[in-house]
Every structure is written in C-alpha cells, then in structure tokens.
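Engineer: One line per chain: the protein sequences are A and B, in this order. Per the working numbering, residue 1 is the first one in the first sequence, and the count goes up by one each step. Per the working numbering, residue 1001 is the first one in the second sequence, and the count goes up by one each step.
Bear in mind the hints are in silico, worked out from the structure with no lab data behind them. The beta carbon of each residue, even a glycine, is placed where N, CA and C say it ideally should be. Wrong hints could be hidden among the right ones.
Said to hold, decoys possible - Partner residues are not named here, just some residues of chain B that face chain A (Cβ under 8 Å, in silico):
1. R1005
2. K1008
3. A1010
4. S1011
5. W1014
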Amino acid sequence: MNFEYSPAPESIAIVDIKPEYNLFIGGKFVPSKGGKRFESINPANEEVLSHITQGTSADVDRAVKAATEAYKKIWSKMSGAERGKYLFRIARILQERAREFAVLESMDNGKPIRETRDTDIPLAAAHFFYHAGWADKLEYAGVGEKPKPHGVVGQIIPWNFPLLMLAWKVAPALATGNTVVLKPAETTSLTALLFAEVCQQAELPSGVVNIVTGDGKTGELIVNHPGVNKIAFTGSTEVGKLIARSVVGTKKALTLELGGKGANIIFEDAPIDETVEGVINGIYFNQGHVCCAGSRLLVQENIKEELLEKLKRRMSMIRVGDPLDKNTDLGAINSRAQLTKIRELADSGEAEGAQRWSPECSLPNKGFWFPPTFFTSVSQAHRIAREEIFGPVLSVITFRTPSEAIEKANNTPYGLSAGIWTDKGSRILWTAQRLKAGVVWANTFNKFDPASPFGGYKESGWGREGGRHGLAAYLRGEH
Amino acid sequence: MLSTRSIKTASKLWAIDTAISMIDLTTLEGADTPGKVISICAKAIRPDPTNLEVPHVGAVCVYNDMVKVARQFLDSSGGEQIPVAAVSTAFPSGRASIEVKQRDTEDAIANGATEIDMVIDRGAFLSGNLSKVLTEIVCIKEICGDRAHLKVILETGELVTYDNVRKASFLAMAAGADFIKTSTGKVQPAATPAVVLVMLEAVRDYYQLTGKKIGVKPAGGIRTTKDAIKQLVLVNETAGPEWLNPELFRIGASALLNDLLMQRMKMKSGQYSGRNYVSLD
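If we strip away everything but chain A, and leave its shape as in the complex, we get (with noise of 0.2 Å):
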C-alpha cells in the first residue's frame, strides 16, 4: 500500500523580503534616527529573513508628529463616506494580495499556510470591508449622536496573528477617524511593513498610519509619548499591567486585550466526535498561540475516559512539519524564547504529578517545535491548570455536576473564552449565564466574525474589539 500524502509546499517566489527595513512614517520608508537593526528569522528553519529597525525615541516622536499632523489636516476634515473608500480600497488590496501576504505571514510566524490561507487573511480583510461600511454612520454606533474621534492612536500588538491583530486595529481606528501609529511584534514584523506598503497602494493620506517596529522599549516610548491620545494593546497580561499603570492619570483612553486560560466544557451527552474536532481546533489551531485558546478541557468525569481515547486517536493524525505545506496542521512555535515557556510550564506539569501524553511525531532538527500534547490528572492547583501556557498544551480537568463546571471554570484570574459542548440547548443557556467570560462559543469553537465583539473579563483585558461596541472603543460620546 501507498498513501502517503505528497509534500505541497507554497512557493516562495511570490514574496520580496527585502534584506532590511525602515520604518513606515508619514507615508514613507525612512531610515530611523539612532535605531540600530536586529535579525528576523523564521521560526520553522532558523533562517534570517530580513533585518528590522528598532525604533527609537526620535523616531516615535516623528510618527506621532506626522499622524498629529494627518489627523488635523486632513483625517479629522474629511467625512466618513470618503474614509470608508480607502477601506474598502485597503480590503480589496489585501484580497488581491492575499497569497503574498498568506505566504509571508506563515514564514515569518511559523504557522501552517492553511491557517494564513484560510483565516488569517481573509478575516483581515474581512474587518477592513466590515469597517469601511461603519465610516459614515457612526452617529448610530451608539456612543452619542456626534461621536468624535480620539486623534492619534498608540496599538501595540502581538505575534500570534500578526496582520489579523493589525486589521482588528488599524480598520476600525481609521473608520472612525483616527490615525495610527502601530508597532508590531519584534518577531513578526513583515506582514506589517507589508501592509505599509498596501496603504501606499491606496494612496492613503501621509501620516495616517505609521508603522514603527522594535521591541517592548518602543511600544513603552508609544504608551509614554503625550501626543498619544488613545492605547490599544494586545499582548500578554503582565505587560497590560505595566501599560495600565503608566497610563492611569493620563487623558488617554485605554483597551487592553490580554492573556486567557479558556475552558471548553464538555458535558456528557456531547455529540462526541464534532466535540473532539472542536478541543482540536481550540488548543492546536495555531500551535496554540491564541490568546482564548480552550486551554482547559474540563469534561464530565463519566465520559473522560471514552473522550480521551478519541483525543488520542484524532491526535495522532495531526500533521506537524513545514509550515508552507498545506498538508501541515501544526506549524512551528514563534520564537525560542517562547518555546523555553512551553518548555517550563510542560515540564512544571510533570513535576507537579499531572501525566503527560503526546502521540508518536517526528519533529523537524532546525528551528522552534513542540509536539501537540495533553495533560491528564491535572488539578486546579497545578501550574499548568492556571497560567497561560500559550502552546500546543492541554489540561484535562474532570468535573461531575454543572455547577461543578461553572466553578472551575471561572476559578481563574483570567476570562476571555468558554466553550460548552451539550446536545441540550437549555444547558448551552444555563452554562453561558453563568461563565465569566468574554466570548462563549457553543458546540463550536474559536468562531471569529468582525461584526462579534470579543474582548475580557477579569485580567483577560478591558473594552471590546469588533463590532459595534469595539467601534466606541475608538470614538468618544459627548459629555
């Protein structure tokens, strides 16, 4: 017999990764003042992929001066109708770059081409067209009947969607008026300064989004800087913090979309198979980078065993390798840095007496990998039951009533996801009610549209993106 699946991989010929970038201000590249470049690599093969500017404080002080600058002169004056042109004109690019832009953002995050193919783009995009539509009826946003912008926009995000997070950022800033100054992760930065150069495509005004890379010194010298009106941060829980603090007793508004530890809740009369699809895609759906992962698999005690034999088995069929094969489930961990984390926490779970399982896979020699793995025997006292792990990492957790379910599942810091998993729509109700969490998905998971509104309780962040209510985020009422 011979079924082996082909190796498909993308073609690199359709992205120019220049050997060094500048920085994106006022509407051009330019070489930064006093920033020294630091290496790029791609996380699948440990090769360097290009050379970054890290941003220094001159340079911020210029990107806040040429969106101060657009913002007055011409973003703030001109009307809603006109901004949602340039919108819909940044969706179309985008779209019809899309495989560029899929291909690139999978070599330089790590992550399979399918997911970049699939999601990544086509939801960045997707909140581009979303936004551009809210540009001139904003008056029913529901902040207030003349609802005005906040200015000049501070948005630091992270690596895990590297574009998706810009267009969850930049769209609805600029739906509603404001203009942009953006810097990206230190590790993902090229779909970025891609993107800059869409918005030249568009011909967008000078200065109305700016693009200063670098690494958490320049997203603080962006927090920090007076000209900055609004923040708006995602990224891990302990740096909202820090953001918080130097922030508060300022005049800046603040949204921080923070860390998660999701529970996905699967009770015993579960239709169990789609159910094992759906713990799959939320803990390994990108390496398990994702902020409202279902990182808890809290399941009825009487069904675990039968649950986890189908875990096990649908487990062994992920296919975790080159990130630019579409056959690939799961790609490569963004940075070593991150690998070490999963690496400590993993290794804390043994410690700690929770039994570790991974099925038989062969990982790649060069580059950042983690094996898709699960936890069992997990207490709520473990480390790996309370910390965001941020990898392809489970832990089982049983529970016997649902008023059992509804306390572990809130006993935790954070509250961004839930997932429930019932034939029952009563119980689906029941269970919702009752989570402390931001998004809770039924007999589905990691869903993500830009009309929903998604954001956290508790420590998992403050205000919404998307939707109606993550446009408020960005418009002040009149008080």
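For chain A, the structure is supplied; the task is to place chain B on it using the hints.
Structural biologist: Coordinates of chain B only, in the frame set by chain A:
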C-alpha cells in the same frame, strides 16, 4: 481540511487503482437489458481493454432479474472472481412485505448473487419503529447466511439528519450487516462527504466496541477521480488505513470508472486522453 490533502504521483496511481478495485460497477435502470448488463460485465473484467494491468472492479451491481445474465457472462469470460451484487428487498423504496423481501433475496442468491444490497424500511425508521427495521435486516441476514455478503442501504437522503444516519448505521451493524451503504442512487443528496464521514466514524466506533470490522459503501454522486480520492483520504484519516481495501470499502458508481481510467492514462502517458479512448460501458 481533509479535502486538501495532496495525493500525487505514486500515491495517486495507487489511489486510482485502489478506487477502481473498489467500484461496484452499477446499472440500475428500468431499461436494463441483457445486452446492457453483459456490456458492463465486460467492462468490469477489463476496465481498460488496452491495458491489462488495470485491476478489475470490486463487483457488478444489478437488479435481481439480471443476476443470472451477469453471473453467466462473468463466469464464461474470465470474470469468475468478480462477485455479482443484487439490489433486493423491493429496491429502491423497500415498500413491500417482509415475505416479498425474503423471496426477493432468495431469488437473487439462487441466481448467483453473492452480495445482497438491501434497503432499510425508512418509513418504519422515521416513524420510530426501529424494531421493524432491525427485524427485517436480521431476517435477510439469516437468508444470506454464509452464501452472500449483506450490504444495508440506509438511504441517507431520506433519513436527512446526521443523528439518524449514525443511529441507522449502528442498527444495521447490530443486526448483522457486513457493509453499510449510503444510498440507492435514486434519491438526492446521496453520498456526501459529511454523511460518509458519519458512517466511517460509526464503523470505527463499532470496531472499537466489538472488534468487528464493517465495510462502508458510498453510492451516488461520486463521479470524478478527485471525489474518489477525497473519499479515500476520509477513510484513511477516519476509519483508518486498514479500511482501504475492497473488502471494507466500496464505491457504488458507474460514470466514475471512466474518469479514473482517463486519469490513469494521463498519469502513464503524460497526455490527456478523450472520452472516446475509454469505452462507454
């Protein structure tokens, strides 16, 4: 996701030949004549008369009264190893008394059928009379004994929901089916990938429970090589690779065979052939 697994070169050639050997080459028309049946039997033995490397198909599937014609022709023309499958039990609607269905089955076996494709009583199933459905299958299974393989047609297009498909699959397996089959080919939708997935999950779970391997036969709507390969990927990643053989997976089809043959020729010669380079039936 599974529909985009890449099957190329050696795997594709293997998949094409395997798919050919899994086909129940079918003609089920009111207008069937001995001539037509003999013609598909000849094709079943040598799908590509210009290339004898091409394997023969899994079986020939005909109406009851054509079983004898098919068997005789196969036996006299080098097709002894190819079984004849008969659609029995008042196919396709199943609307007859159990006595008639039993007689129908007896008839088919007496004429040389070694595979019986029976239909379940969908009316009984949908009205909640599961015991009637079960009893009928048990009854027909008794007649088949070790003389014939029993394939149970669920007619998923009339059961409509996936819950029903799974329930009917288990019912049929518990009653003694050797195969569960999606459809008669007379009702749309027929063998959709989702329905086949549910049935493959059912046989996988039944195997885990009982240690017995039951076959699956999608029928109706699989017309292209691409469709057939997608089905094989589904089998591979759901029931598992041990199901990838004609003993446990069959495809009920007629037009599919020619598409497989054309793809096979293309892979061997590097050139696309035309419809006139494969025989009509």
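Engineer: Tell me, in ascending order, the numbers of any earlier hints that this structure violates.
Structural biologist: none
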